[in-house]
Amino acid sequence: MSPRITLITAGRILRQLLNDRRTVALILAVPALIMALISAIMEDSPEMFDRVGLILLGVFPFTIMFLLTSITMQRERTAGTLERLMTTPTAKMDLVGGYAIAFGTCAAAQTGVAAAVAYLWLGLDTAGSAWAVLLIAIATSVFGMALGLLVSAFAATEFQAVQFMPVLIIPQIFLCGLIWPREEMAGWLQGVSDALPLTYAVKALQQVQASSDLTAEMWGDLGIVAGAAVVATVLGAATLRRRTG
Amino acid sequence: MPPDAPAPPAVTVERLVVERGGRTVLRDVSAAVPTGSVTGLLGPSGSGKTTLIRSIVGTQKVKSGTVTVLGEPAGSKRLRSRVAYVTQDASIYPDLSVKSNVAYFASLYGRDRRDAAAAIEAVGMHDHAERLAANLSGGQKTRTSLACALVCDPEVLVLDEPTVGLDPVIREELWAQFHGLASTGRTLLVSSHVMDEADRCDRLLLVREGRFIADDTPAGLRSATGTEDLESAFLHLIRAQDGSR
Chain A
5 MSPRITLITA GRILRQLLND RRTVALILAV PALIMALISA IMEDSPEMFD RVGLILLGVF
65 PFTIMFLLTS ITMQRERTAG TLERLMTTPT AKMDLVGGYA IAFGTCAAAQ TGVAAAVAYL
125 WLGLDTAGSA WAVLLIAIAT SVFGMALGLL VSAFAATEFQ AVQFMPVLII PQIFLCGLIW
185 PREEMAGWLQ GVSDALPLTY AVKALQQVQA SSDLTAEMWG DLGIVAGAAV VATVLGAATL
245 RRRTG
Chain B
332 MPPDAPAPPA VTVERLVVER GGRTVLRDVS AAVPTGSVTG LLGPSGSGKT TLIRSIVGTQ
392 KVKSGTVTVL GEPAGSKRLR SRVAYVTQDA SIYPDLSVKS NVAYFASLYG RDRRDAAAAI
452 EAVGMHDHAE RLAANLSGGQ KTRTSLACAL VCDPEVLVLD EPTVGLDPVI REELWAQFHG
512 LASTGRTLLV SSHVMDEADR CDRLLLVREG RFIADDTPAG LRSATGTEDL ESAFLHLIRA
572 QDGSR
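Chains as they are written, first to last, in the numbering used here: chain A, 5 to 249; chain B, 332 to 576.
Hint data in this document are derived by calculation from the structure and do not stem from the laboratory.
Owing to the predicted nature of the structure, the values given are computational and were not obtained by experimental measurement.
Warning: the hint list may mix true and false statements.
[Unchecked claim] Facing chain A, a subset of chain B residues (Cβ under 10 Å, in silico): (1) A415; (2) S428; (3) A480.
Every residue, glycine too, gets a C-beta built ideally from N, C-alpha and C.
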């Protein structure tokens, strides 16, 4: 693995994204607009918006980076560019690292815009710092990226890649505490929820909401998300084969 | 080494057997590709040309036998900046410009912008350098893909049907370029399913049903089969092979 090639790869992926202006506009604007919509829906209950809006700041980049990676990587596999890269000095971890840096940057920009709108305009209120929210969102997005990389190995077409979203992403969103408090779920569902990494992203965000300090519990939860991102990245890298049948 | 001693072959294939999807694609084939020459790999579609090429660049799982390139096992790390591969379908990024595509591959090989510009010039794409690859014609995509390989100034250049669908003038130029590279000691292996390209090669490897049926110079092939054109020579060999079964 070479840091130089990893950065070159990240630069190439970002350039591909930047050439697609419409996608860039959608990535940056849509989460902010949905935050505004949620805020309008919950106009009479600002404390509800504080809870839901904050969780959405973590859920958006997670979902979007999953989709972007699963499709871009599926394209690399079918268009022959992956095979070609495997004959160049690019190591598998250069490619995966490049994806993580590119989509992590992308997630930072997306969360930055959505968080700015939420905090400055929609009156989102957390005891802790918005920077901690940004950090958690980036870690969660890298986990989404890694899951996308992993599923791209099991998708023969872009169409199939998108179909993995309801399988891997939506259950995590439903069980993470966004639509229903985890404490009020049946015991076995809480057990499932405990096994899903997105849950810990939400717990970390809730820590930022409740405490003005960066608590040890928040760091612990963030560590679990980061650990899950590393595991998924390694599994995703293992699906990249230099030699195929 | 004394100056008149012949250089060792750039590529040596020994008793190679490859199976794909339960079917034997290459059946115990052996051949050597001489250094500093243009060797044509000719045969009908499905005869095993691409599989052989993938074995040489190290992206094909092989069942048995060995492939040695520049004295190293095919696909080994040290070969990755010395061997370049142009896939059958242009493996370039449609959402990048011609310039960005070539610059990306240039930087992977540690080359700079000037090398990229020279490679684009060499394939006659300088007038289209700023265009997105998605908007190019098939032949232009092929040339861009070729530029992405030429940019590393490889010692061995493996091209899978590079001239399909190209304008005759450009085809002529490319062949002149291939010979120019060979005259500087580079080794080229070019596959084709059209026999009229056979005469442009220094040596020919004829493949049929996963076996080599000839490994000779065009002139040698003509005299051995007593035919005028290479198409008839190929037919002659096929009939001889079928007759001996």
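Evaluated hints:
For A415 of chain B, the suggested interface contact is upheld, since its CB lies about 7 Å from the closest CB of chain A, less than 10 Å. Interface restraint check for S428 of chain B: the shortest CB-CB distance to chain A comes to about 8 Å, inside 10 Å, so the restraint holds. Checking A480 of chain B against chain A: minimum C-beta separation of about 9 Å stays under 10 Å; hint holds.
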